[in-house]
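Participant: Take a look at the letters that make up each chain.
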Amino acid sequence: MLRLTTHIRVIFALVLREARVRHGRARIGYTWAIIEPVLLISTMTFLFGLVGKGGKGSGFALFFATGVLAFQLYRNTSTYVSMSFDQNRPLFNYPMVKPMDSALARTVLDGMTHAAVIALVLCFQVFALDAPPPNNIPLMILAMALLLSMAFGAGVSLAVIRRFMPSISNIYMVIMGPAFFVSCVFFSLSSVPTLYRSVLAWNPLVHGVEGFRSGYYHGYQDADVDLFYLFTWVVVLNCFGLVGEWLTRFRSV
Amino acid sequence: MADTFSERMIDLKNVSKTYKLRAGRKVILNGATISLPWRNTAILGRNGAGKSTLLRLLAGIEQPDTGTTTRHKTISWPIGFRGSFHHELSGIENVRFVARIYGQNTEKMIDEVEAFAELGQFFYEPFKTYSSGMGARLAFGLSMAINFEVFLIDEVMAVGDERFQRKSKKAFQERLPSSRIIMVSHSMPALRDYCQSGLVVHEGHLTYYDDLEEAIARYREINT
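Taken in sequence, the protein lines are chains A and B. Residues 1 to 253 in this note's numbering are what the first sequence spells out, letter by letter. Residues 1001 to 1224 in this note's numbering are what the second sequence spells out, letter by letter.
Quick caveat, the hints were computed from the structure, so don't treat them as lab data. Think of the CB as a built atom: it goes at the ideal place given N, C-alpha and C, for glycine as much as any other residue. A few of these clues could be false.
[Stated by the list, open to error] Listed next, with one range per pair, are the computed distances between beta-carbon atoms:
hint	chain 1	residue 1	chain 2	residue 2	range
1	B	G1048	A	L120	39 to 45 Å
2	B	H1072	A	T248	45 to 51 Å
3	A	R197	B	T1070	41 to 47 Å
4	A	T232	B	G1031	55 to 61 Å
5	A	F164	B	R1071	56 to 62 Å
6	B	S1131	A	F181	22 to 28 Å
7	B	G1024	A	F180	41 to 47 Å
8	A	L4	B	Q1063	18 to 24 Å
9	B	R1163	A	W246	56 to 62 Å
10	B	E1107	A	T248	36 to 42 Å
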């Protein structure tokens, strides 16, 4: 019990500290962490809206926004968490601060940041661009929670591999680049021909992104979306990360 | 100061610790079993014998490969001048973080550290702008603001100007009724100033001496 309260105290202190450090000592502080992706997503939505005429017409902005929001939640958080062991190394000099605390703190912080970004972008879509309001918010939250858990598992797994092979981060970046184009960010799974659909469905991010959308849209075609498949990835990556961290603690210094 | 031979501080039981190097292994401890009484203890050993690693094992930052360490007292982190400070954060922000993880009263601790470390305006500047003396003053002041029963000191007492050394000594003497020190240093005068007993690290073995002078004699022997 005492250990649990210590962990919570440490994670809370780490969250505050990471929020302070992440954007340097800029006056506006952490608000920048929210403004930046909002601007980025707005610009991307505008550009893809010009190109992607074949998509959903005027509703394409919302369609793209829902996709990119869900995708970024996973990609940004997993990358951020994967660096947590290295970037917080001096702090492990305090006996109660453990590497897993820093990974958890980053997940909490990035989860909250992305939740704020998602809320802001979607509110803007609804109130300023007359987009339809979300249909099933609990389902959207479930998809986000699964993506965030997977980001934590993948981030910790990468951090563990980084203990032996720091170049894994470059490989991960190379993978996550094309992943943007095969994760249903700007097209729907149901619009893909059957032959390619079954291949695409191996990508767990497809199910997170499409699951998030099927919560937003009323009557979304989600016959091939399988959140349980995504959940399997969550379990596998988390097991690998947690067990791996436990087994490789001797490499932590 | 009442001597406290009878109170246990830290027990090591069959502790081994090795590091893999590119060429072979480096043995720090090889099945060390020892019970340290709650006294001011100097850690002596040659360069690279593993003194700092031993401090980290005692603090519980590193786990031994085999064996167990048991702490009977509250123990600080190893206080050194490299520190655990974030370079982008100011002194006050770094203090706030430590106050939070140790569940201390943040404002009270900030006042105490500010008064002790004498950083002036630098207390509000990023740590990266500090000189090494300023870093040491912050590190030492910060640890002194928490009532540990054992302070682990890694060389830090020997830095800073004479005035700061006097001040550190006075601050530490005020804590002597409730606190002890385990200290790594190559400066014999500093060790004699603070410690009564000694622990010699040599070739994977630990030997504890009740009398610091015996430990120093042994240390001289292995250095020749």
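Participant: Each hint: holds or not?
Facilitator: Evaluated hints:
1. B/G1048 x A/L120: 39 to 45 Å: 55 Å Cβ-Cβ, so the 39 to 45 Å window is violated.
2. B/H1072 x A/T248: 45 to 51 Å: violated, 30 Å
3. A/R197 x B/T1070: 41 to 47 Å: violated, 59 Å
4. A/T232 x B/G1031: 55 to 61 Å: violated, 45 Å
5. A/F164 x B/R1071: 56 to 62 Å: violated, 31 Å
6. B/S1131 x A/F181: 22 to 28 Å: 51 Å Cβ-Cβ, so the 22 to 28 Å window is violated.
7. B/G1024 x A/F180: 41 to 47 Å: holds, 46 Å
8. A/L4 x B/Q1063: 18 to 24 Å: holds, 20 Å
9. B/R1163 x A/W246: 56 to 62 Å: Cβ of B/R1163 to Cβ of A/W246: about 48 Å, so the range 56 to 62 Å is violated.
10. B/E1107 x A/T248: 36 to 42 Å: holds, 40 Å
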